[in-house]
Amino acid sequence: MKHRKSSLTYIILIAIVFVAISVVFDTFPRSRMSQLEKRELATFPSFSWESLADGSFTSKVSSWFSDSEPFRDELMTLSMQVKHLIGIAPTEDNIKFHAPEPEKQASRPKRKGKNPIYENADDHSETDENTLEENAKIANAGIMVVGKDKNVRALMAFGGSATGCTDYADVANYYKATFPDVNVYCMVIPTAIAYYCPEKVKRYTNPQLPTIRNVFAHLNPGVKPVNIYFILKKHKDEDIFLRTDHHWTPLGGFYAAQTFAKVARVPFRDLKSYEQHVVHRYVGSMYGYSKDIALKNAPEDFVYYVPTDVEYTTTYIDYTLNENYRIVSESRPQEGPFFYKYKDGNGGAYCTMMGSDQRLTVVRTSTKNHRRLIILKDSFGNMLPGYLFYSFEEIHVIDNRYFTHDIVQYVREHHITDILFANNIFSAYLKSTCNKYRRFIKEQPDSIAPEAKSNVPEEITEVKPDSISL
Amino acid sequence: MVFSDLFFLFVFIPAFILCYILGGIIDRTLLNKDVRRTHQARNMSLVIFSLIFYAWGEPVYVFLMLCCVLANYIIGLLIDRQERHRKAALVVGLIINIGILGVFKYANFFAETLQLTGLNISSPNIALPIGISFYTFQSISYLIDVYRKESPVQHRFIDLLLYISMFPQLIAGPIVRYGTIADNIHRRRASASDIAYGIQRFLVGLGKKVILANQLSELSDLFLKNNLDSLSVAGSWMGIIAFTLQIYFDFSGYSDMAIGMGRCLGFKFNENFNHPYCCNSITDFWRRWHISLGSFFRDYLYIPLGGNRHHQALNILIVWFLTGMWHGASWNFIIWGLYFGIIVMVEKYTLLKIQKYIPSIFLHLYSMLLVIVGWGIFYFDDFSSMLTFFNALVGNTKELTDLLAETTLFDHFWLWIAAIILCLPVFNGLSWLLRKCVPNTSLRTGIATTVQVVFSIAVLVLSTALLVGATNNAFIYTRF
Chain V
1321 MKHRKSSLTY
1331 IILIAIVFVA
1341 ISVVFDTFPR
1351 SRMSQLEKRE
1361 LATFPSFSWE
1371 SLADGSFTSK
1381 VSSWFSDSEP
1391 FRDELMTLSM
1401 QVKHLIGIAP
1411 TEDNIKFHAP
1421 EPEKQASRPK
1431 RKGKNPIYEN
1441 ADDHSETDEN
1451 TLEENAKIAN
1461 AGIMVVGKDK
1471 NVRALMAFGG
1481 SATGCTDYAD
1491 VANYYKATFP
1501 DVNVYCMVIP
1511 TAIAYYCPEK
1521 VKRYTNPQLP
1531 TIRNVFAHLN
1541 PGVKPVNIYF
1551 ILKKHKDEDI
1561 FLRTDHHWTP
1571 LGGFYAAQTF
1581 AKVARVPFRD
1591 LKSYEQHVVH
1601 RYVGSMYGYS
1611 KDIALKNAPE
1621 DFVYYVPTDV
1631 EYTTTYIDYT
1641 LNENYRIVSE
1651 SRPQEGPFFY
1661 KYKDGNGGAY
1671 CTMMGSDQRL
1681 TVVRTSTKNH
1691 RRLIILKDSF
1701 GNMLPGYLFY
1711 SFEEIHVIDN
1721 RYFTHDIVQY
1731 VREHHITDIL
1741 FANNIFSAYL
1751 KSTCNKYRRF
1761 IKEQPDSIAP
1771 EAKSNVPEEI
1781 TEVKPDSISL
Chain Y
671 MVFSDLFFLF
681 VFIPAFILCY
691 ILGGIIDRTL
701 LNKDVRRTHQ
711 ARNMSLVIFS
721 LIFYAWGEPV
731 YVFLMLCCVL
741 ANYIIGLLID
751 RQERHRKAAL
761 VVGLIINIGI
771 LGVFKYANFF
781 AETLQLTGLN
791 ISSPNIALPI
801 GISFYTFQSI
811 SYLIDVYRKE
821 SPVQHRFIDL
831 LLYISMFPQL
841 IAGPIVRYGT
851 IADNIHRRRA
861 SASDIAYGIQ
871 RFLVGLGKKV
881 ILANQLSELS
891 DLFLKNNLDS
901 LSVAGSWMGI
911 IAFTLQIYFD
921 FSGYSDMAIG
931 MGRCLGFKFN
941 ENFNHPYCCN
951 SITDFWRRWH
961 ISLGSFFRDY
971 LYIPLGGNRH
981 HQALNILIVW
991 FLTGMWHGAS
1001 WNFIIWGLYF
1011 GIIVMVEKYT
1021 LLKIQKYIPS
1031 IFLHLYSMLL
1041 VIVGWGIFYF
1051 DDFSSMLTFF
1061 NALVGNTKEL
1071 TDLLAETTLF
1081 DHFWLWIAAI
1091 ILCLPVFNGL
1101 SWLLRKCVPN
1111 TSLRTGIATT
1121 VQVVFSIAVL
1131 VLSTALLVGA
1141 TNNAFIYTRF
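As you go down the protein sequences, you meet chains V and Y in turn.
To convert, count from 1 in the first sequence and add 1320; that's this note's numbering.
To convert, count from 1 in the second sequence and add 670; that's this note's numbering.
It is possible that part of the hints are untrue.
For lysine to aspartate or glutamate, the following EDC-like pairs were computed, each having C-alpha atoms within a straight-line distance of at most 16 Å [claimed, not checked]:
#	chain 1	residue 1	chain 2	residue 2
1	V	Lys-1403	Y	Glu-888
2	V	Lys-1325	Y	Asp-864
3	V	Lys-1611	Y	Glu-888
4	V	Lys-1522	Y	Asp-864
Please keep in mind that the hints were generated in silico from the structure rather than gathered at the bench.
No experiment lies behind these values; they were computed from the predicted model shown.
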């Protein structure tokens, strides 16, 4: 710019924008929580001379500053919008693939049967737990975003093999051997990609039915399989899986609960006995994980069903976690609602049932048939108990990550008659999930960390792991 | 601290501008006539902020840099103040600078190499200070220029510290020769047009880094960082092409930001890049890529060794061996340097003699192919991964393509296009087009200013949005 006037004009205009951004970033209240990523943002680091000397203090200050700007989610949405615009859709399928971040990546999607990682994963007897953990993370082999406009759907590629997941069967067998007088059921919950994967990219994800069949083939005769694959397939044109979240919908849970009730030979009511509620404009976890604005632009309804003519009380024991997600305290039993009401647009609506995974839930119903059920579950299992109030007089919901009691004693004290394993196929494939269930029997698994027990308030914190909660 | 960090952009820069302006006011109002024009207060604020800038990332090694500057200050005076032992003083200075580089950058590498020969030597595990390759080379340039009497000795320690530690070019160049800015330390002026140019250049660099290089780095990492065993042929090519574009926008973006900031302060740094991917030979590529390093080796090593006159082949190999080694303490960098050294030598006796008879498209494709292969050597510092990668690159892998490669192309289609186009001299082309289409000067100036304002604001806002939550923005060349 050779002309003084145009140079001054340029300098003044850029300076105005620069000063405006600086004032906003340096003086406005900082963001503390990201609704977009569903996590707490970085806080200003505590100072020490040691941290200053090793550079960690200044590094954390920079991280804090970049993580907690005012209007953070709005700026991040803008950046996602731009990233969306740099792509084109060469075909009608409009398939986008979001590979896992390299440092978190365990495996990339491959043609089935050709990846040695998958083949090794089958041989549980010759590999240690860490290796198996890595192998099982084939689960998160990337996210595919398919479809256009309001029909866009995020799918997590599955990498499990047809001969894998046998440990899940083994642990169900182990429970049956431990509780011979209790009915033990084994349910493997398929995920959306089993039903909605476009034909042209099917070679990049493995089918789930062979894995599910393999689990059932390894069950001892005393354990009852609950095969929900086909009923979900039958209803796949209904909204049985969320498009913007990695979970299924309450309707998908309804069909699964119906199948379970048949196997368990307990009464079951159809949807006429329920009142429908809707959380509009729901955008789930896959938006944050894939950072694909197409998902945000295609919100969906989160529809759930509340039983109308049954009485029930819900009691919770809440767990408090430390920064390493270890349980540091638990509350006394306290009553609360089973169904939590979320406002339209709230991204946490999947927690409508029971509010959180970090709690032990006991529902006591007016149904009197001496059937008392434990559901051993991950977050997918949260969709089941709401449809079983007509079927059992007590339902105990235990998350595999949060349980501090001795389950042998627990079963005895509460006169449990039925135990249902209800985990999604990704979680069921994990050796660590199965080992957690095993440790429920052998010892108190996640015993309370003694040093922290007395200092932590008895309330639920909003700490959430920075990974897809399965 | 790095330039592409929100803390730098919106805390460090505003604080620096305020202090620098205050320094200017002090220079004009409080200091006496003799020193008022020498920018003492301004220079002091620049030095203080440069030390804060460096200490932000290297709180301990900032003292190493201060010691290095002190040593060069003393040796510079020794070279200048007497004739008898000036060569010995220069040699001592070179030994100190190269020694510091050897200890802090190459000690681990030497130990590991000796371990391979069977010697029982433990690795010293010395962390690499950021920017050490740049500030030691600038120190060497200062001593040699003073020795050759091409530049005056610096009598004030604070001013030599300013030259070496100046934050715009401290940690990733360009390698600014002392002679280039010696006069500007005390006598400089930034006109409105300098400041406007500097801001624009800084924002172009910011955009190159944040909008292009950071996105391209995600693509290259997807293919090249993990799971090389399952890399497809298409994936290997996309990964290394993404890295080829990334490293150009990353490094030239840094140079643009450094040159822009320097211009705003009244310093005129030399250009470090000249559209290197428009080259028509590898010899031409190295005239366009990292020009400050190439000219440093040419003037301070190649020519003193004898240049074209004596042992030219040996001189070329020495220069390229050291060029490779300068980039990192790892064998792949040395191989990378020698790879180009051999090509340059072969070209000298073959291609350059017949170049005018070959269509430029073929020359360009030939050059880019060799450059891309070179970046393959550069990227992998372990030979096992490098071998796996090159096997995939030449088709010796299980799969021709995979989902990642298929979707990455289309999901980032406009990024690829923009990156390739912006490797070309498009700004010169647009400027030419404007001159042709709009003959009226005042109208042309108005259009140009409007376009520049809109472009600059868009880059600033978009870069800010893309930097939100980003914690890993380090420039590739800061690790050298």
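So, going through the hints one by one against the coordinates:
1. In summary, the hint linking Lys-1403/V to Glu-888/Y is supported, as the alpha carbons are separated by about 12 Å, within the 16 Å threshold.
2. Between Lys-1325/V and Asp-864/Y the alpha-carbon distance is near 13 Å, which keeps this suggested pair within the 16 Å criterion.
3. Only pairs whose Cα atoms come within 16 Å are accepted, and Lys-1611/V paired with Glu-888/Y is accepted, the gap being roughly 13 Å.
4. With a C-alpha separation of about 58 Å, the suggested pairing of Lys-1522/V with Asp-864/Y is violated against the 16 Å cut-off.
Of the numbered hints stated above, the single one contradicted by the structure is hint 4.
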